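Use these hints to put chain B onto chain A, whose structure you have.
Taken in sequence, the protein lines are chains A and B.
Take numbering that gives the first Met the number 0: the last position of the first sequence gets the number 290, and nothing is skipped along the way.
Take numbering that gives the first Met the number 0: the last position of the second sequence gets the number 688, and nothing is skipped along the way.
Just so you know, the hints here were simulated from the structure itself, not pulled from any lab data.
One or more hints might be untrue.
[As the list claims (entries may be wrong)] Covered, in the sense of this in silico footprint (three residues per stretch, anywhere, with C-beta under 8 Å from a C-beta of chain B), are these stretches of chain A:
1) 95-104
2) 188-200
[Unchecked claim] The calculated BS3-like cross-link candidates involving lysine-lysine, where the alpha carbons are at most 30 Å apart (straight line), are:
3) Lys117(A) to Lys271(B)
4) Lys281(A) to Lys357(B)
5) Lys432(B) to Lys179(A)
6) Lys411(B) to Lys179(A)
7) Lys357(B) to Lys187(A)
8) Lys117(A) to Lys357(B)
9) Lys468(B) to Lys179(A)
10) Lys468(B) to Lys187(A)
11) Lys355(B) to Lys187(A)
12) Lys179(A) to Lys457(B)
13) Lys498(B) to Lys17(A)
14) Lys117(A) to Lys468(B)
15) Lys117(A) to Lys77(B)
16) Lys17(A) to Lys355(B)
17) Lys187(A) to Lys86(B)
18) Lys117(A) to Lys432(B)
19) Lys179(A) to Lys355(B)
20) Lys457(B) to Lys187(A)
21) Lys498(B) to Lys187(A)
22) Lys187(A) to Lys432(B)
23) Lys246(B) to Lys179(A)
Note that the structure is a prediction, hence the values are computed from the model and not measured.
All C-beta atoms in this analysis are idealised placements derived from N, C-alpha and C, irrespective of residue type, glycine included.
Spelled out from the first residue to the last, the chains are:
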Amino acid sequence: MTTKENNWRANRQFWTQKALNLVFANPKVTIGLAIIAPTIVLSIIGSEFTSHGPLETNPADRLQGPSGQYLLGTDHLGRDILSRIFLGARTTLLIGFGSTALAVLLGVPIGLIAGYFKGTTDEILMRIMDIVMSIPTLLLGLLILVALSSSTTNLIMAIGIVFTPRLARVTRSVTLSESKQSYVLAAKARGESHLYIMFREILPNVTSPIVIESSTRVGYAIMVGASLSFLGLGSGPPYPDWGYMVSVAREHMYSSPWILLWPCLALLLVIMATNILGDGLKDALDEKNFQ
Amino acid sequence: MTQSDINNTILEVENINVEFSVPDGTVQALRDVSVSLDKGETLGIAGESGSGKSTLALAIVQYLDSNGHVSDGSIRFKGRDILNASKDELRSIRGGEIAHVAQRPSQALNPSLTIGEQISESIRLHQDIDSSDDARERTIEVLDQVNIPDPAEMSERYPHELSGGQQQRAMLAIGLSCNPDLLILDEPTTGLDVTTQAKFLDLIQDLKSEYNTAILLITHNLGVISEIADRVNVLYAGKMVEKGPVKEVFSNPANPYTQALLATTPELGVDKELRPIPGRIPDLDNIPDGCIFADRCDYATEKCETGSIRMETVSERDGHESRCLHWETAISDPIEAEESAAPSHTPGEDVLSAEKLKKYYDVGGVIQNRFFDHQPVQAVSDVSLTIRESETVGLVGESGCGKSTLGRTLLKLHDTTDGSIEFRHQELSGLNKEQLQQFRSECQIIFQDPEASLNPNKTIEEIIERPLKLFTENPPEERQQRITELIEQMNLGREIRSKYPHELSGGQQQRVAIARAFAANPSLIVLDEPVASLDVSVQASILNLLNELRDEYGTSYLLISHDLSVIESICDRVAVMYLGEIIETGTTSEIFAPPYHPYTRSLLRSIPTLDPTEDIAQIRLDGDVPSARDPPSGCSFHTRCPKKIGDICETEDPQLESVGDTDNSHCISCHLDQDQIESPLDMVANPEM
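For reference, chain A alone in the conformation it holds in the complex (with noise of 0.2 Å):
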């Protein structure tokens, strides 16, 4: 079959040309994945160049300042902050991410389920989704860290779960609109399954407004997880993370400020950075849809 492969290339330009342009045609895109990009790539080998390890302890060199050797200064074991950002990003990125994408997998079919069906099962799934996002972030988090015991699962799963109601509300809503559509109707009339009608032929229409949804999600994401893990609930000890170096970093404050700057400064440059991803990727998809 001739004719399939080239069209699969041809498609594969049309695809690579459309995230092409998607990434350049905005500049809030092109500068958000600049930070991104670079912090993922960093977060796996960035450790591996330090001159310190992560984990490794200098007593003698405890809380020192930015210096030759130590590019950002040492903690109070003398660990070397700049390899243990390096390392915190994993965890940091990886709830960011890992608890969004849990909320897409849970929300988006408890949206499409809702918005498709309507009526009662609308009215049920929504209220359920309501009464969970009427708890306050942070406190439902807590809430469900203390009853699964802190890892960075259970951290990736408690976000998750807060921010599916937020996901299933889009998606929902974006549903509604669609099956109104009379393409959905000509697929009942075909006698589709509604499984096919709901993930087939609503779902790669309402893409743009989930992908906006959970970009700007990662941001949100990534701040409740650095608080979660503030407040004793991360992965723990000895691995770094943002929010648990902060927390650390807080009783050497007013000796040795360098401490908790550092991870400060990569929790604002990355949420900002995702954050502004998630606007430029609002406009980049809005446009393309008035289109």
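For chain B alone, coordinates are given in the frame of chain A:
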């Protein structure tokens, strides 16, 4: 009004070009367009979508989008140069001296202000009326002018509380409130029902004779132009192709495009084989040299494809001009629709039949029904209808009469409230899952808006292949073959397979929807306003295609339409619906000839004809369609019926009864007896005519 006096000229547009800059170049929306309009004159601008009609109107009031501008030419209004007018000057001209009544009143009116507030706003802005009492008085006066009943009370209402026709009148009232010298009506009747349209046109007619306002009427509907315009200009792809007095242009068109447009428009009472115009309107960012219509024209020669084609004078006296090198040949040997042959197929067995079908919306819960006076919306009540093999049944009625609901209920897309539907003598409610799937493969539906009915994320190939996958067990090669065959049959190019719906024109999209419906050889297709959103030239080709396919596949159609001329051109039998009930059924020829139900008669009489010389007696229905939540007692039409005979109409619901012939095919539900129905209703309805 043949000789235009210079001092009498209100608007003079000379050789304007309008350009829009778009990301990949410029679109030349109008090229070398000239228009002149005298006091008290009505000029119609005709053309299909994309011809630049609305752009012309917006250029005149200098209200183009920010990426568009007039690049050449001049626009003078009462001798003043509009293109170089200051902002303040423009503000006082717009609304004060030129009123622009925009399309779609439901969107043009502000939903959070009352009608009265919106009118008096314009009055206070443009006239020396300061006190709110005076403005209010004037508001009520203009509302009265546009025949809105009980203007004082109506001015307190919000737009959504008005019917479509009333909203359009309110828009007109805003326009008229400052006694403009020029009134621009942009598609004033599009989206209105024929009966409402007819009343609106009457109103314009009255205003014309009373106030001597010049009117620029923009519409794609040639019938509307023929009814109220004095002169007509025909636009095609941003160029004026023909201008002249309406009578002259319609009876003696001198441009192949005008001729083709007239030949492709379905007309009531004229048996014509509709002639579609081949090809499509060219892209305006890449204009071919020479005559812009040449690639679709029957008369085109090599000479047509080079240089610029000038307007040629056809008749000096009338000011009839045509932009065509071959206008003389075109006049002597015009493109005309041929007479259509009578449909020759014989209907067979019953395919689908409904008995006493009811469909109510918003039925309400137990509490609502027991403790409150809850009324359901009676969208379809007691409808019986049979569709036979290879037969086309038309379902006609105004918007909101329940015709679409009936079509969808018949396909089991909605649950029924009561009554039975049988498919090939099998009750639908008793089908098991497999039988239901079988039924789904046998019955298909085609929608009004082709773009919305195709999933924007799937290629045309995927769209057409889906029913084949679902309903047949053919291997992939056979399916591919069938797709090729279908695409050919629909006159679509091969390259279309890998395209997405938004890359196609409306006509092509509808062809894809038809291909999808026919893919698995259905025995019944419900056509829900299949051509309502298409241009006339495309309409004809889709109707012809549907006709061919019916003959080839032996499929039955249920054609739902508000347009009687479309119904007449392809249907064998017709059912007329009013407020959820069928009030007349019969063969097409029976419906379109006496005896008539009074409602059918008024529908027929509301349609403007293409022949401007024809002066038909008209029937106008009073008021609006009553609410389906609370339909009138007795005969549901009695509130608007011009032939109401008395109490019996209000108390007793008439049954569908056979009239005339012995074969029981023509049935009417009316209390009038036979002679009364046959008498010319028109004279009674409008005694002053």
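Evaluation of the provided hints:
With 0 residues having a beta carbon nearer than 8 Å to a beta carbon of chain B, the segment 95-104 of chain A misses the requirement of three or more and the stated coverage is violated. Coverage of the segment 188-200 of chain A by chain B holds. Counting CB-CB distances below 8 Å, 5 residues qualify, and the rule asks for three or more. A hinted pair counts as satisfied when its Cα atoms are at most 30 Å apart, and Lys117(A) with Lys271(B) does not qualify at roughly 48 Å. With a CA separation close to 46 Å, the supplied pair Lys281(A) and Lys357(B) exceeds the 30 Å bound.
As the CA atoms of Lys432(B) and Lys179(A) are separated by approximately 25 Å, the hinted pair is consistent with the 30 Å bound. Among the hinted pairs, Lys411(B) with Lys179(A) is consistent with the structure: their alpha-carbon atoms are about 17 Å apart, no more than 30 Å. Restraint check: the Cα-Cα separation between Lys357(B) and Lys187(A) comes to about 21 Å, which is no more than 30 Å; the hinted pair holds. At roughly 23 Å between alpha-carbon atoms, Lys117(A) and Lys357(B) fall within 30 Å of each other, so this suggested pair holds.
Proximity of Lys468(B) to Lys179(A) is assessed by CA-CA distance (about 25 Å); at most 30 Å being required, the pair is judged to hold. In summary, the hint linking Lys468(B) to Lys187(A) is supported, as the alpha carbons are separated by about 15 Å, within the 30 Å threshold. Simply put, Lys355(B) and Lys187(A) have alpha-carbon atoms about 25 Å apart, close enough for the 30 Å limit, and the pair holds. Straight-line distance between C-alpha atoms of Lys179(A) and Lys457(B) comes to about 18 Å, which keeps the hinted pair within the 30 Å bound.
Under the criterion of a C-alpha separation no larger than 30 Å, the hint pairing Lys498(B) with Lys17(A) is consistent with the structure, at around 16 Å. A distance of roughly 29 Å separates the Cα atoms of Lys117(A) and Lys468(B); the hinted pair therefore holds under the 30 Å criterion. With a C-alpha separation of about 58 Å, the suggested pair Lys117(A) and Lys77(B) falls outside the 30 Å cut-off, and the hint is violated. Pair hint Lys17(A) plus Lys355(B) does not hold up; C-alpha atoms about 54 Å apart against a cutoff of 30 Å.
The straight-line distance between the Cα atoms of Lys187(A) and Lys86(B) is roughly 54 Å, outside the 30 Å bound, and the hint therefore fails. A hinted pair counts as satisfied when its Cα atoms are at most 30 Å apart, and Lys117(A) with Lys432(B) qualifies at roughly 23 Å. At most 30 Å may separate the alpha-carbon atoms for a hinted pair to count; Lys179(A) and Lys355(B) meet this at roughly 28 Å. Note on Lys457(B) and Lys187(A): the hinted pairing holds, with a Cα-Cα distance of about 17 Å set against a maximum of 30 Å.
Proposed proximity of Lys498(B) and Lys187(A) is supported: the alpha carbons are some 24 Å apart, at most 30 Å. Taking the CA atoms of Lys187(A) and Lys432(B), the gap is near 14 Å; set against the 30 Å cutoff, the hint holds. Restraint check for Lys246(B) and Lys179(A): not satisfied, since their Cα atoms lie roughly 45 Å apart, outside the 30 Å limit.
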